[in-house]
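Enquirer: Spelled out, the chains give:
Protein chains: 2
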Amino acid sequence: MTGWLKETGPEADIVISSRVRIARNVEGVPFPHHLIEAKGGEIANMVYDSIVGANSGLKEDFKLISMKELDEINRFNYVEKHLISPGLAKNIDIGNMLLNSEETISVMIHEEDHIRIQCLLPGLQLNEAWNTADKIDDLLEEKINYAFDEEFGYLTACPTNLGTGIRASVMVHLPALTLMGYIQGVLRAAGQIGLAVRGIYGEGTDFLGNLYQISNQVSLGITEKEIVSNLQDVTLQIIEKERRARENLLIGKRIELEDRVFRSYGILKNARKITANEGMQLISDVKLGVDLGFIEGIALGKLNSLITMIQPASLQKHFKTPLNATERDIKRAELIRNTL
Amino acid sequence: MTGWLKETGPEADIVISSRVRIARNVEGVPFPHHLIEAKGGEIANMVYDSIVGANSGLKEDFKLISMKELDEINRFNYVEKHLISPGLAKNIDIGNMLLNSEETISVMIHEEDHIRIQCLLPGLQLNEAWNTADKIDDLLEEKINYAFDEEFGYLTACPTNLGTGIRASVMVHLPALTLMGYIQGVLRAAGQIGLAVRGIYGEGTDFLGNLYQISNQVSLGITEKEIVSNLQDVTLQIIEKERRARENLLIGKRIELEDRVFRSYGILKNARKITANEGMQLISDVKLGVDLGFIEGIALGKLNSLITMIQPASLQKHFKTPLNATERDIKRAELIRNTL
Numbered sequence: 001m002t003g004w005l006k007e008t009g010p011e012a013d014i015v016i017s018s019r020v021r022i023a024r025n026v027e028g029v030p031f032p033h034h035l036i037e038a039k040g041g042e043i044a045n046m047v048y049d050s051i052v053g054a055n056s057g058l059k060e061d062f063k064l065i066s067m068k069e070l071d072e073i074n075r076f077n078y079v080e081k082h083l084i085s086p087g088l089a090k091n092i093d094i095g096n097m098l099l100n101s102e103e104t105i106s107v108m109i110h111e112e113d114h115i116r117i118q119c120l121l122p123g124l125q126l127n128e129a130w131n132t133a134d135k136i137d138d139l140l141e142e143k144i145n146y147a148f149d150e151e152f153g154y155l156t157a158c159p160t161n162l163g164t165g166i167r168a169s170v171m172v173h174l175p176a177l178t179l180m181g182y183i184q185g186v187l188r189a190a191g192q193i194g195l196a197v198r199g200i201y202g203e204g205t206d207f208l209g210n211l212y213q214i215s216n217q218v219s220l221g222i223t224e225k226e227i228v229s230n231l232q233d234v235t236l237q238i239i240e241k242e243r244r245a246r247e248n249l250l251i252g253k254r255i256e257l258e259d260r261v262f263r264s265y266g267i268l269k270n271a272r273k274i275t276a277n278e279g280m281q282l283i284s285d286v287k288l289g290v291d292l293g294f295i296e297g298i299a300l301g302k303l304n305s306l307i308t309m310i311q312p313a314s315l316q317k318h319f320k321t322p323l324n325a326t327e328r329d330i331k332r333a334e335l336i337r338n339t340l
Numbered sequence: 001m002t003g004w005l006k007e008t009g010p011e012a013d014i015v016i017s018s019r020v021r022i023a024r025n026v027e028g029v030p031f032p033h034h035l036i037e038a039k040g041g042e043i044a045n046m047v048y049d050s051i052v053g054a055n056s057g058l059k060e061d062f063k064l065i066s067m068k069e070l071d072e073i074n075r076f077n078y079v080e081k082h083l084i085s086p087g088l089a090k091n092i093d094i095g096n097m098l099l100n101s102e103e104t105i106s107v108m109i110h111e112e113d114h115i116r117i118q119c120l121l122p123g124l125q126l127n128e129a130w131n132t133a134d135k136i137d138d139l140l141e142e143k144i145n146y147a148f149d150e151e152f153g154y155l156t157a158c159p160t161n162l163g164t165g166i167r168a169s170v171m172v173h174l175p176a177l178t179l180m181g182y183i184q185g186v187l188r189a190a191g192q193i194g195l196a197v198r199g200i201y202g203e204g205t206d207f208l209g210n211l212y213q214i215s216n217q218v219s220l221g222i223t224e225k226e227i228v229s230n231l232q233d234v235t236l237q238i239i240e241k242e243r244r245a246r247e248n249l250l251i252g253k254r255i256e257l258e259d260r261v262f263r264s265y266g267i268l269k270n271a272r273k274i275t276a277n278e279g280m281q282l283i284s285d286v287k288l289g290v291d292l293g294f295i296e297g298i299a300l301g302k303l304n305s306l307i308t309m310i311q312p313a314s315l316q317k318h319f320k321t322p323l324n325a326t327e328r329d330i331k332r333a334e335l336i337r338n339t340l
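First to last, the sequence lines map onto chains A and B.
No gaps in the numbering here: position 242 of the first sequence is 242 in the UniProt record's numbering, and each next residue is one more.
No gaps in the numbering here: position 10 of the second sequence is 10 in the UniProt record's numbering, and each next residue is one more.
Just chain A, same shape as in the assembly (with noise of 0.2 Å):
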């Protein structure tokens, strides 16, 4: 199972798991957006041949899967894991993703970038995930000339990505700043100081499940190094105030607090019929319970791992079958029940 969900990391009452990403590109070879299928394969090469290499002294366990190779739910399933994302699931062509045993590094090649190295770890890691991307990267490196300009840095497709071409993350659980009408604020803050908040699935989507992805907006101009330390710094920031709104919680509306917890596990416990957004609802409050000790005997991985389970794709992998909308909610309830 991929490694950010079946185990959880520093800090992880709030913290569900950290992300940097590097986007490189190869000199003198178009933007995969003007790729034909014969040159994106040998980028894809380059790009194994590099990591899984003799030379590389790397022990990961890599394999090569090309998204041609795979069905729609398998390559929705990698999107829901947040292992690529879903520009490279529709790009069947010349989408291709590298991805170690553990499923904490992937290297998608020709999403927007010929080369997008991503690790993806439990818990707030962000100097551990931007270190193996680093070195990942080195490799990389070694055997490939990068597009780069001494002005802007690594170029990009966008060029929002231009400079050090990373973008850090981390996905943070907030129920309680949500409940309290305080998440405004922070999202606000976090907004001014150059950082992005988006829902769980990307730009676009909802908060859903009180999950929040915050990130850099700004690659140039700047270190990696200091790119990681200040959302590393924030991140700190939001998990003292996510947990002083607990306390406030717990002091002033206990008995509300526990009432909308149990609920919500009962609830998860004994529909028949659960669309995913409002499954994540319940497992928010369900992990906020977990957290403040009201419920006991259910490990934070689990829900962390049901999060991602209950999606889509995740659901059809998991029963192995096409399921329509209607028979996906009946099923994702019978995969809930059995799961608390």
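No wet-lab data here; the hints were simulated from the structure.
Be a bit skeptical, because a hint or two may be false.
Remember, identical chains collapse to one label, so a pair may be satisfied in a single copy or spanning two.
Said to hold, decoys possible - Within a straight-line C-alpha distance of at most 20 Å, the following computed EDC-like cross-link-like pairs (lysine to aspartate or glutamate) qualify:
| no. | residue 1 | residue 2 |
| --- | --- | --- |
| 1 | 269 | 296 |
| 2 | 269 | 334 |
| 3 | 269 | 259 |
Starting from the known structure of chain A, arrange chain B on it as the hints suggest.
Expert: Positioned in the frame of chain A, the structure of chain B alone reads:
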């Protein structure tokens, strides 16, 4: 425990209880709202002697309870058990009741009329309730001169009770007719043939928990047996309609129905705060689930008694302490969890 609550009777899946009450007044004595305390006590003793007297032949174990000797919680606990009316509970000066140990027969003294004999039985037992009430009426008539007019029959404080002085009623649980939106038609049809439909706690109360009290509106120009058999016939028709609606739901909306039932069950077993109104709706769903075989291992009688147990006075009686509204919501949830 109260007879109609502890057991279930015929057609228990739909009919909670059957009731017959007979209104009588003593000749030559002003109606209760003009009565002074001393005179009030006289009638209570007459009733007691008539029923409990050595020659009555009645095996039932009765006791005379004056409203004055009960605190508010105990008075309204009897109201919630449908053994007395709110009017009697408020008539502390001269209100009395005679009650058998099974709590199936109660005689209210100085409610709106001097004497109101009531028999309340579980399930559809209108004839049995009528026979029992009639027997008590005969016993009283041996010793008491009833106010009677050749033209109008038994005289009562309110003209709507003139004639036979009888009101027969059933309390029915009609969740499927309600869910499918057919209930308005059923209620209209009942109205057109001279029946009144009220909520569980009488006129002006909502149809909480999908419970409907159906009773005759006319007691003049019709015999007692006709009143009882008319209501019996209509009740059998309504039972038939509700059963058909349940079958249709099972065919067309089984999963939605299961989902509703189990969600309500999950909430009942887990919530930490429940209002009486919400509790009644949730219990209604679970009752339907038990009737349809979705949920096993819960006796219908337990759910029936829960409806009464979660009412404000019963709750305070159970926990042996006065509780404000918020405390009641919390204790109600506790009681429900412990019961299920």
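Enquirer: Failing hints, ascending?
Expert: As far as the earlier hints go, not one is violated by this structure.
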